[in-house]
Amino acid sequence: EVQLVESGGGLVKPGGSLRLSCAASGFTFSNAWMSWVRQAPGKGLEWVGRIKSKTDGGTTDYAAPVKGRFTISRDDSKNTLYLQMNSLKTEDTAVYYCTTGIYCSSTSCYGGRYNWFDPWGQGTLVTVSS
Amino acid sequence: DIQMTQSPSSLSASVGDRVTITCRASQSISAYLNWYQQKPGKAPKLLIYAASSLQSGVPSRFSGSGSGTDFTLTISSLQPEDFATYYCQQSYSTLVTFGGGTKVEIK
Numbered sequence: 001e002v003q004l005v006e007s008g009g010g011l012v013k014p015g016g017s018l019r020l021s022c023a024a025s026g027f028t029f030s031n032a033w034m035s036w037v038r039q040a041p042g043k044g045l046e047w048v049g050r051i052k053s054k055t056d057g058g059t060t061d062y063a064a065p066v067k068g069r070f071t072i073s074r075d076d077s078k079n080t081l082y083l084q085m086n087s088l089k090t091e092d093t094a095v096y097y098c099t100t101g102i103y104c105s106s107t108s109c110y111g112g113r114y115n116w117f118d119p120w121g122q123g124t125l126v127t128v129s130s
Numbered sequence: 001d002i003q004m005t006q007s008p009s010s011l012s013a014s015v016g017d018r019v020t021i022t023c024r025a026s027q028s029i030s031a032y033l034n035w036y037q038q039k040p041g042k043a044p045k046l047l048i049y050a051a052s053s054l055q056s057g058v059p060s061r062f063s064g065s066g067s068g069t070d071f072t073l074t075i076s077s078l079q080p081e082d083f084a085t086y087y088c089q090q091s092y093s094t095l096v097t098f099g100g101g102t103k104v105e106i107k
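Here the protein sequences come in this chain order: A and B.
Residue numbers for the first sequence follow my numbering, so the first one is 1 and each next one is one higher.
Residue numbers for the second sequence follow my numbering, so the first one is 1 and each next one is one higher.
Worth flagging that the hints you see were computed from the coordinates, not collected in a lab.
Glycine included, each C-beta is placed from N, C-alpha and C at the ideal position.
Do not take every clue at face value.
[To be verified] Footprint (simulated), chain B over chain A, 3 or more residues, beta carbon under 8 Å: (1) 45-55; (2) 59-71; (3) 114-125.
[As the list claims (entries may be wrong)] Computed beta-carbon distance windows for the label pairs: (4) SER93(B) / GLN84(A): 21 to 29 Å; (5) SER129(A) / GLU105(B): 26 to 34 Å; (6) SER53(B) / SER25(A): 22 to 30 Å; (7) SER93(B) / CYS109(A): 23 to 31 Å; (8) THR72(B) / PRO14(A): 35 to 43 Å; (9) PRO65(A) / PHE83(B): 25 to 33 Å; (10) ASP17(B) / SER77(A): 46 to 54 Å.
[Stated by the list, open to error] List of simulated lysine-lysine pairs, DSS-like, C-alpha gap at most 30 Å: (11) LYS43(A) / LYS13(A); (12) LYS54(A) / LYS78(A); (13) LYS52(A) / LYS89(A); (14) LYS39(B) / LYS54(A); (15) LYS42(B) / LYS107(B); (16) LYS42(B) / LYS103(B); (17) LYS13(A) / LYS67(A); (18) LYS67(A) / LYS89(A); (19) LYS43(A) / LYS67(A); (20) LYS78(A) / LYS52(A); (21) LYS107(B) / LYS54(A); (22) LYS89(A) / LYS39(B); (23) LYS89(A) / LYS43(A); (24) LYS52(A) / LYS107(B); (25) LYS103(B) / LYS39(B); (26) LYS39(B) / LYS107(B); (27) LYS45(B) / LYS52(A); (28) LYS42(B) / LYS13(A); (29) LYS107(B) / LYS45(B); (30) LYS42(B) / LYS43(A); (31) LYS52(A) / LYS42(B); (32) LYS67(A) / LYS52(A); (33) LYS67(A) / LYS107(B); (34) LYS13(A) / LYS89(A); (35) LYS54(A) / LYS67(A); (36) LYS78(A) / LYS67(A); (37) LYS78(A) / LYS42(B); (38) LYS107(B) / LYS78(A); (39) LYS103(B) / LYS45(B); (40) LYS39(B) / LYS43(A).
Based on the provided sequences and hints, a complete structural model is requested.
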């Protein structure tokens, strides 16, 4: 079964740091381009950033509001994606989802550079407040 | 960044209605356009990818069309389980962007 499970959310003060994790299973994680997407309370979806597979260079891209404060990394030996969030602001309060694009044959599912987001994790809530 | 504009932002419709949601990109994105459905408290669900391809397991009453800058999501006959918020998303640019969402409510 394909699964993404986020963890690490919680309450943090403005200026603080938090690290989110996303454990992946059921597909070839090492080949997948992984993204974080967030959703502030009552608002729409906002892409946070992406990390490419190591085969494709392992580089990262970030949305302007988080660039320089957030860092995405991956540990392919643990099938785990991370989001390190520093200098947190109240406007970073949101549910954070990890997501990727995969292709499933009749027998297996494969990560890669796919231009859609499916599957998604269940999300983890980050609240930045004093 | 490529801006994605959805319209309307909300609509009221009845079961059995044909519903159309539009999404406009600030520049041409070819067919790099996906549609998602999100229900309260749940993660988004992929409905349509590459502008017009139906994701496996999604009912055939959902369809997508368009290319370039103008795209449409159509629900041919609205069902009770379709009341939700719908988002478009472009993957043409390195920096991914979503539309603001369209909330489909019961009339």
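Right, here's what the structure says about each hint:
1. Coverage of the stretch 45-55 of chain A by chain B holds [criterion: at least 3 residues with CB-CB distance below 8 Å; count 4].
2. Closer than 8 Å: that is the beta-carbon criterion, and the stretch 59-71 of chain A has 3 residues meeting it against chain B, so the requirement of 3 holds.
3. For the stretch 114-125 of chain A, the assignment as covered by chain B holds, since 8 residues bring a beta-carbon within under 8 Å of that chain's beta-carbons and 3 suffice.
4. One distance hint, 21 to 29 Å for the beta-carbon pair SER93(B) and GLN84(A), holds here, with the actual separation near 24 Å.
5. Range check, SER129(A) to GLU105(B): about 31 Å between beta-carbon atoms, so the 26 to 34 Å window is met.
6. A beta carbon spacing of about 26 Å between SER53(B) and SER25(A) agrees with the range 22 to 30 Å that was offered as a hint.
7. Between SER93(B) and CYS109(A) the C-beta distance comes to about 26 Å, which sits within the given range of 23 to 31 Å.
8. Checking the proposed 35 to 43 Å range against THR72(B) and PRO14(A) shows it holds: the Cβ atoms sit about 42 Å from each other.
9. For PRO65(A) paired with PHE83(B), a C-beta distance near 31 Å keeps the hint of 25 to 33 Å intact.
10. Judged by the Cβ atoms, the range 46 to 54 Å given for ASP17(B) and SER77(A) holds: they are separated by roughly 51 Å.
11. Restraint check: the Cα-Cα separation between LYS43(A) and LYS13(A) comes to about 21 Å, which is no more than 30 Å; the hinted pair holds.
12. Between the alpha carbons of LYS54(A) and LYS78(A) the distance comes to roughly 14 Å, so the proposed pair stays at or under 30 Å and holds.
13. For the proposed pair LYS52(A) and LYS89(A), the alpha carbon gap of about 26 Å is at most 30 Å, so the pair holds.
14. A C-alpha spacing of about 34 Å is found between LYS39(B) and LYS54(A), which places the hinted pair above 30 Å, so the restraint is violated.
15. Between LYS42(B) and LYS107(B), the direct Cα distance comes to roughly 23 Å. Compliance with the 30 Å bound is thereby established for this hinted pair.
16. A hinted pair counts as satisfied when its Cα atoms are at most 30 Å apart, and LYS42(B) with LYS103(B) qualifies at roughly 14 Å.
17. Proposed proximity of LYS13(A) and LYS67(A) is supported: the alpha carbons are some 19 Å apart, at most 30 Å.
18. Taking the CA atoms of LYS67(A) and LYS89(A), the gap is near 13 Å; set against the 30 Å cutoff, the hint holds.
19. Proposed proximity of LYS43(A) and LYS67(A) is supported: the alpha carbons are some 21 Å apart, at most 30 Å.
20. Proposed proximity of LYS78(A) and LYS52(A) is supported: the alpha carbons are some 16 Å apart, at most 30 Å.
21. A threshold of 30 Å between alpha carbons decides the hint, and for LYS107(B) with LYS54(A) the separation of about 50 Å lies outside it, so the pair is violated.
22. Taken as a hint, the LYS89(A) and LYS39(B) pair is honoured in the structure, with Cα atoms around 27 Å apart against an allowance of 30 Å.
23. Pair hint LYS89(A) plus LYS43(A) holds up; C-alpha atoms about 17 Å apart against a cutoff of 30 Å.
24. Straight-line distance between C-alpha atoms of LYS52(A) and LYS107(B) comes to about 44 Å, which puts the hinted pair past the 30 Å bound.
25. Between the alpha carbons of LYS103(B) and LYS39(B) the distance comes to roughly 10 Å, so the proposed pair stays at or under 30 Å and holds.
26. A hinted pair counts as satisfied when its Cα atoms are at most 30 Å apart, and LYS39(B) with LYS107(B) qualifies at roughly 17 Å.
27. Pair hint LYS45(B) plus LYS52(A) holds up; C-alpha atoms about 22 Å apart against a cutoff of 30 Å.
28. The hinted pair formed by LYS42(B) and LYS13(A) meets the criterion: a straight-line CA distance of about 26 Å does not exceed 30 Å.
29. A distance of roughly 23 Å separates the Cα atoms of LYS107(B) and LYS45(B); the hinted pair therefore holds under the 30 Å criterion.
30. Using a Cα cut-off of 30 Å, the hinted pair LYS42(B) and LYS43(A) holds, with the two alpha carbons roughly 14 Å apart.
31. Between LYS52(A) and LYS42(B) the alpha-carbon distance is near 26 Å, which keeps this suggested pair within the 30 Å criterion.
32. Distance hint between LYS67(A) and LYS52(A) is fulfilled; the C-alpha atoms sit about 16 Å from each other, no more than 30 Å.
33. For the given pair, LYS67(A) sits about 42 Å from LYS107(B) by alpha-carbon distance, which is inconsistent with the 30 Å threshold.
34. Between the alpha carbons of LYS13(A) and LYS89(A) the distance comes to roughly 8 Å, so the proposed pair stays at or under 30 Å and holds.
35. Between LYS54(A) and LYS67(A), the direct Cα distance comes to roughly 21 Å. Compliance with the 30 Å bound is thereby established for this hinted pair.
36. For the proposed pair LYS78(A) and LYS67(A), the alpha carbon gap of about 26 Å is at most 30 Å, so the pair holds.
37. Of the supplied pair hints, the one linking LYS78(A) and LYS42(B) holds, its CA atoms being roughly 26 Å apart against a limit of 30 Å.
38. The hinted pair formed by LYS107(B) and LYS78(A) fails the criterion: a straight-line CA distance of about 48 Å is larger than 30 Å.
39. For the proposed pair LYS103(B) and LYS45(B), the alpha carbon gap of about 15 Å is at most 30 Å, so the pair holds.
40. Only pairs whose Cα atoms come within 30 Å are accepted, and LYS39(B) paired with LYS43(A) is accepted, the gap being roughly 13 Å.
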